[in-house]
Structure formats: C-alpha cells, structure tokens
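Student: Assemble the complex: chain E is given as a structure, and chain D must be docked to it using the hints.
Those sequence lines, one after another, are chains E and D. Going by the working numbering, the first residue of the first sequence is number 1, and it counts up by one from there. Going by the working numbering, the first residue of the second sequence is number 1, and it counts up by one from there.
Just so you know, these hints were derived from the structure itself, not from any lab. This one's a predicted model, so the numbers in the text were calculated from it and none came from an experiment. We put the beta carbon where it would ideally sit given N, CA and C, even for glycine. Careful: at least some of the hints might be erroneous.
Heads up, simulated DSSO-like pairs for lysine-lysine below, C-alpha to C-alpha not over 27 Å straight-line [said to hold, decoys possible]:
1) E:Lys104 <-> E:Lys422
2) E:Lys359 <-> E:Lys315
3) E:Lys467 <-> E:Lys53
4) D:Lys101 <-> E:Lys289
5) E:Lys99 <-> E:Lys437
6) D:Lys21 <-> E:Lys104
7) E:Lys289 <-> D:Lys109
8) E:Lys99 <-> D:Lys101
9) D:Lys21 <-> D:Lys101
10) E:Lys359 <-> E:Lys99
11) E:Lys99 <-> E:Lys360
12) E:Lys289 <-> E:Lys467
13) E:Lys359 <-> E:Lys437
14) E:Lys202 <-> D:Lys47
Cβ pair distances, simulated, as ranges [claimed, not checked]:
15) E:Thr58 <-> D:Pro71: 14 to 22 Å
16) E:Ala401 <-> D:Lys47: 48 to 56 Å
17) E:Tyr57 <-> D:Ala4: 38 to 46 Å
18) D:Glu100 <-> E:Asn481: 51 to 59 Å
19) E:Ala196 <-> D:Lys48: 25 to 33 Å
20) D:Ala4 <-> E:Ala193: 19 to 27 Å
21) E:Leu404 <-> D:Ala65: 56 to 64 Å
22) E:Leu487 <-> D:Leu5: 46 to 54 Å
23) E:Ala401 <-> D:Ala4: 17 to 25 Å
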Amino acid sequence: MIPYFVIIPLAGAFIIVLLNHLIKSDARYAVTDSAANLATAALMVLSFLSISKTGSYTVGGWEPPFGINLVADGLSVLMLCVVNTVSFAATLFSVDYMKRYTAKRYYYSLFLLMVAGMNGVILSGDFFNLFVFLEIASISSYALVGFGTEAEEIEASFKYIVMGGIASAFILLGIAFLYSRFGVLNMAFISQAARANPSIAKFPLILFTFGFLIKAAAVPFHSWLPDAHPSAPAPISAMLSGVLIKTLGIYTIIRIAFGVFNWETGAVILRYVGIATIIVASLTMNAQKDLKRLMAYSSISNIGLILLAFGLNTKLGFLAGIFHLLNHSIMKSLLFLTSGAVFYRTGTRQMFQLGGLAKKMPATAATSLIGSFSISGIPPFGGFFSKLLIILAAVAAKNPAAALWAIFGSVLTLAAFARVQKTVFFGEEKKEYENLKEVPASMTSAMLILAVLCLAASLLYLPKFRKEFLSPAADALNPQNYRELVLK
Amino acid sequence: MIYALCLTLFLVGLYGVCCKKNLVKIIIGFMIMDYAVNLFLITVGYKKSGIAPILDSTMNINYFAAKSVDPLPQALVLTAIVIGLGVTAMMVAVAIRIYEKHGTFDVTKIRKLKG
Numbered sequence: 001m002i003p004y005f006v007i008i009p010l011a012g013a014f015i016i017v018l019l020n021h022l023i024k025s026d027a028r029y030a031v032t033d034s035a036a037n038l039a040t041a042a043l044m045v046l047s048f049l050s051i052s053k054t055g056s057y058t059v060g061g062w063e064p065p066f067g068i069n070l071v072a073d074g075l076s077v078l079m080l081c082v083v084n085t086v087s088f089a090a091t092l093f094s095v096d097y098m099k100r101y102t103a104k105r106y107y108y109s110l111f112l113l114m115v116a117g118m119n120g121v122i123l124s125g126d127f128f129n130l131f132v133f134l135e136i137a138s139i140s141s142y143a144l145v146g147f148g149t150e151a152e153e154i155e156a157s158f159k160y161i162v163m164g165g166i167a168s169a170f171i172l173l174g175i176a177f178l179y180s181r182f183g184v185l186n187m188a189f190i191s192q193a194a195r196a197n198p199s200i201a202k203f204p205l206i207l208f209t210f211g212f213l214i215k216a217a218a219v220p221f222h223s224w225l226p227d228a229h230p231s232a233p234a235p236i237s238a239m240l241s242g243v244l245i246k247t248l249g250i251y252t253i254i255r256i257a258f259g260v261f262n263w264e265t266g267a268v269i270l271r272y273v274g275i276a277t278i279i280v281a282s283l284t285m286n287a288q289k290d291l292k293r294l295m296a297y298s299s300i301s302n303i304g305l306i307l308l309a310f311g312l313n314t315k316l317g318f319l320a321g322i323f324h325l326l327n328h329s330i331m332k333s334l335l336f337l338t339s340g341a342v343f344y345r346t347g348t349r350q351m352f353q354l355g356g357l358a359k360k361m362p363a364t365a366a367t368s369l370i371g372s373f374s375i376s377g378i379p380p381f382g383g384f385f386s387k388l389l390i391i392l393a394a395v396a397a398k399n400p401a402a403a404l405w406a407i408f409g410s411v412l413t414l415a416a417f418a419r420v421q422k423t424v425f426f427g428e429e430k431k432e433y434e435n436l437k438e439v440p441a442s443m444t445s446a447m448l449i450l451a452v453l454c455l456a457a458s459l460l461y462l463p464k465f466r467k468e469f470l471s472p473a474a475d476a477l478n479p480q481n482y483r484e485l486v487l488k
Numbered sequence: 001m002i003y004a005l006c007l008t009l010f011l012v013g014l015y016g017v018c019c020k021k022n023l024v025k026i027i028i029g030f031m032i033m034d035y036a037v038n039l040f041l042i043t044v045g046y047k048k049s050g051i052a053p054i055l056d057s058t059m060n061i062n063y064f065a066a067k068s069v070d071p072l073p074q075a076l077v078l079t080a081i082v083i084g085l086g087v088t089a090m091m092v093a094v095a096i097r098i099y100e101k102h103g104t105f106d107v108t109k110i111r112k113l114k115g
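This is chain E alone, in the form it adopts within the complex (with noise of 0.2 Å):
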C-alpha cells in the first residue's frame, strides 16, 4: 500500500492534462475537478485505512542501502493523514473558487505534483530520495504561488524560489558530507554506523538544520513566507501553510535529528530558534492590515511553537508537538479557506474595508470563528489541548521560561485573531456589502469538514485516542525503533 501515496498523485498529475487534450467538449472542465477530487479522497482513505500499520517497502525490489526504500512508522502515517486530509478539503475548494483563473488543468496538475512530493518526503527512507521529492514538491509550489501573474504575486514568486533554492543547496551539500563519511544513504544505515557516536556527523546536521529551517520559515529565515504565502491562491496558501512548511521543514529536521542521529545539540537549537520565532511573529502579527499576511505571520508563530516543543526532547515534547503539529495543519488551512471566501465575494483581503460579514455570509463566519478559537488556543478545540500539552511538557523538562514564551504567543495569537473576528465578520456593516452572498456549497463544505475536524482533534488529548495515535508517533522519533523496523 505504500508506494500508492506517490504512485496516485504523480499518474493524476499527468492524467488530467492528458485528458484536458483528448476531450475536446466542455465536458473536460467537469472532468478536470472529478478527477482531482477523486485522486485526493482516495489518497485520504488510503492514508486513514494504514493508521497503526507501519512496514518498509523496498522500491523496485533493490534491497537497501543501495536501493531506496520507503518507510512507514507512526510518525509517518500520522502525517499522511494530516496531509491528504488537507489536499482533500483543498481540491474540494478549488472546484469553484478556481473558475476565475485560467488554465485550471495546470493548476490542480501542479497541486497533484506537489502532494506528491510531499507524501514521497514523508514516506522516504533515503536521504538522496528525500531530497529528490523535496524538490518535487518545492518546485511545484513555486510556480503555485506565481499562479496569477500579477505582479506581486511573481514577485513574491521569485522571494520564494531565491529561498527555497538556498535551503535546497544547503541541504544537499549536507547529503553530499553524510555520503563521503558514511559511503551510503539510507537512513537506516546511517543511523547504525552512527550509534557509537552521534557527533561524528555534527557538520552535515548543521547544514540540515540551515536548510530545513530555511524551508521551515523559522526566525531568522523567514521573510519570504508572509509574502509567498498570501500571494497564492487561497486553497494554496492552505496546502503552503497548513501542510508545505511542516512536512519539508518540521518532519525532515525533527526525522533526522531525532529519528536517525539522536542529536542532543540540535534540540537546544530549535528550542532557541522556536522562541525567537515566536516572539518575532507574535509582534509583527499584531501589526499587520492584509487579513492573509496576518495569518501567514501567525503561521510563523505556531511553527515557532512546534520547534519549541521538539526542541524540548522530552517524550511529552514530542507527543506535544505532534500534536499541535496536527491541529495547527488543520486550523490554518481552515482559516485561509475562510480567507480565500471572503476575497471570493468581496475581493479585498485588506481588514478595514470589510466590516459585518456575519450576517452575510453564515458559514464563512461560523468556521471562521471556530478555527480562531482553536488557534488562539479557546477550549473545547484542538488548538487549546495541544498547547495545555506543550506548557505542561516544559514545565515537566524544568523549563518553565520555555512555557512563559509558548503562553506569550498565545496571548497575542488571542489579541490578533479576536481583532479579525472584530473588524471582518462583525462590527459595522458596509454598504458595498449589502448585496453579498454566501459563497457556494463545494467552498462551504470543504470549510465545514475542515471545522468539524478541528473540534474533532480535541479527542485525540483523551488518553485512549492519545495512546492510539499519538503515542506511535512520538514512539518513532527514536533511532532504536527506526533500525528495527528497516533493518529487522
């Protein structure tokens, strides 16, 4: 079942510009979106039917290390389904909020390309391979985020691709140092070779860490995100922020300093880089008037977050950051489809112009609201429990100032997202407004199962679903269980 999370986007990402050639009726456009949404609900299923199954596949029956192989543990499973999940509600949106761009069948091509590369990252065991599928999913989200051609947008593009091909550079002279000291490059083995002696691979892992936290668009690299990010189109900038950032800067950095190498150093590196995240962030959040720039700085912000509680690496750490991880993915994708509905009907994103959506607009508002509740952190949602989570696993490693910082950003993240609700949804009704509508029932619902699934992530802090899905996960980022399950 494993090699299908590549296998399915890659075909699809081919097949629809294929059948975009062949149907010469408008018959393709209904096609067109079909087959897309088709492709992600089947990866969604597929990700929910391998929970608590893990196994390593070999690619093309080459054995490992010198033929590449793909990995499935807790961890990655868990973030397959945070991926497809996502991509799934995003494709469903894309359906009408797409028609004002041309040239559709690129765009959902390009968006299968980048699932693609994404699930291939996380499901990669090979540190060449992970590479290659990094850039697969990086190269089709520089050309998602340029998707309009206006001016901004390319010129963000282009912010965007300078970043983007540092960090790459950097990560791939890493690979380069690993394959002169080890003379291979499965994880697996490398992990083996390294047991002894953890330190024997210190300046590749810093290249790493430049890299992915390049990509990650932690503080001091962040400057291209809130201009990449908002330029995309709004189902983009939900599969960027939501799940891009996490999966080719999160997961491979936390994969490689704790899943293979077990690296002590980089843990009070991130913890570093996480708070001064945050406390950037936070500051520059409040200030911002573009309802999307905003969120992409509270993006920052939550990925400060989340490094800080790996950076812990504590057990509770992991578990914690996983799991806000999960939620952040969920809630974040839901608010910038929430965005994208507002600049749908009213075509502004800037704050001050829009004033008493509410009543116009039910739906947007209603999940708008709830997402904000769960990022700012409101119970009963999942936003809440990840971060009571993350201050309760500082507090157990001793490291309390740790906690004061994860509460300080949730304290302004409160501040900036109660001053959206105030100026965009309610407060007074304008009167270019009066005559607006509810967006249609694909962007709805897409919206809607995203907010279902932000309440529903708040079972997950119950001890019996932590157990289940959680747990493995966090079980995963030890070297031990990494060798046993590839190298049996």
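Tutor: Frame of chain E; chain D shown alone:
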C-alpha cells in the same frame, strides 16, 4: 584542498545570491552554488587514476573494485543537475515575467511587497 575550493565556490555563489541587485546576477550566483555542490559530490567519489565504473566480462572483479571510481555520486549528480536545471528554468521564467511587469531587473526598484 580540492574540497576547500569547492566550498569557496559555494560561498562565491552564495555571495552572488545574497548581495547582488540584478536578478540575472542572482540567477548566475544560484547556478554557481549549484555547480559547487555537484562538483563536491563528484570529487567525493573520485579516485586518482581510476577507471570508469563499467564492469565487462573480461575484467577481474577484485581489480575492478580496487580501481574503479565510485559510481553512486555520479548517478546522484546526474539527478541533481536535472533538478538544478528545473529550478533555474523556473527562475529565468519568473525573471522574464518580472521584467515584463516592472521593466527592470533591479531588485531595489521592484518593491510592491512590503515587510
């Protein structure tokens, strides 16, 4: 020694990407950085007076193993070159679009986005 030169080349490229104001020069800096990494990968697998890693039936396997250069970095570099080509093509395409919209390649004059 040769490794140090590769890293110097990498830093030259990084300087070009970070400090140059012209989009075309940024792209060239990026390409230099890419080549430096590829060169480094190739030198990792290099052996002095080594032979091509192709085994034919007349060759002794032990002689082959001792003399041939490491083939894996060569395969990696081929892939890395193709990826670098993709990224460079994307950058050039975006730079052309920027020139159409703004009429300049100077990054200090392209400032529609703030922050």
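Student: Against each hint, give a clear statement of whether it holds in the structure.
Tutor: Taking the hints in turn, this is what the structure says about them:
1. Proposed proximity of Lys104 (chain E) and Lys422 (chain E) is contradicted: the alpha carbons are some 35 Å apart, above 27 Å.
2. Pair hint Lys359 (chain E) plus Lys315 (chain E) does not hold up; C-alpha atoms about 46 Å apart against a cutoff of 27 Å.
3. Distance check on the hinted pair: Lys467 (chain E) and Lys53 (chain E) sit about 15 Å apart at the alpha-carbon level, within 27 Å; holds.
4. Straight-line distance between C-alpha atoms of Lys101 (chain D) and Lys289 (chain E) comes to about 25 Å, which keeps the hinted pair within the 27 Å bound.
5. At roughly 17 Å between alpha-carbon atoms, Lys99 (chain E) and Lys437 (chain E) fall within 27 Å of each other, so this suggested pair holds.
6. This hinted pair does not check out: Lys21 (chain D) and Lys104 (chain E) have alpha carbons roughly 34 Å apart, beyond 27 Å.
7. This hinted pair checks out: Lys289 (chain E) and Lys109 (chain D) have alpha carbons roughly 23 Å apart, not beyond 27 Å.
8. Restraint check: the Cα-Cα separation between Lys99 (chain E) and Lys101 (chain D) comes to about 24 Å, which is no more than 27 Å; the hinted pair holds.
9. Straight-line distance between C-alpha atoms of Lys21 (chain D) and Lys101 (chain D) comes to about 17 Å, which keeps the hinted pair within the 27 Å bound.
10. Distance hint between Lys359 (chain E) and Lys99 (chain E) is fulfilled; the C-alpha atoms sit about 25 Å from each other, no more than 27 Å.
11. Distance hint between Lys99 (chain E) and Lys360 (chain E) is fulfilled; the C-alpha atoms sit about 22 Å from each other, no more than 27 Å.
12. Between the alpha carbons of Lys289 (chain E) and Lys467 (chain E) the distance comes to roughly 42 Å, so the proposed pair goes past 27 Å and is violated.
13. For the proposed pair Lys359 (chain E) and Lys437 (chain E), the alpha carbon gap of about 10 Å is at most 27 Å, so the pair holds.
14. Our distance criterion of 27 Å between C-alpha atoms is met by Lys202 (chain E) and Lys47 (chain D), whose separation comes to about 25 Å.
15. Range check, Thr58 (chain E) to Pro71 (chain D): Cβ separation about 20 Å, and the 14 to 22 Å hint holds.
16. Under the hint 48 to 56 Å, the C-beta atoms of Ala401 (chain E) and Lys47 (chain D), about 52 Å apart, fit the expected range.
17. For the pair Tyr57 (chain E) and Ala4 (chain D), the supplied restraint of 38 to 46 Å holds, since their beta-carbon distance comes to about 40 Å.
18. Between Glu100 (chain D) and Asn481 (chain E) the CB atoms are about 53 Å apart, so this pair conforms to the stated range of 51 to 59 Å.
19. Range check, Ala196 (chain E) to Lys48 (chain D): about 31 Å between beta-carbon atoms, so the 25 to 33 Å window is met.
20. Distance hint check: the CB atoms of Ala4 (chain D) and Ala193 (chain E) are about 25 Å apart, consistent with the given range 19 to 27 Å.
21. Checked against the hint of 56 to 64 Å, the pair Leu404 (chain E) and Ala65 (chain D) passes, with Cβ atoms roughly 59 Å apart.
22. Remark: the range hint 46 to 54 Å for Leu487 (chain E) to Leu5 (chain D) is contradicted by a beta-carbon distance near 38 Å.
23. At about 41 Å, the CB distance of Ala401 (chain E) to Ala4 (chain D) disagrees with the hint of 17 to 25 Å.
When each numbered hint is compared with the structure, violations occur for hints 1, 2, 6, 12, 22 and 23.
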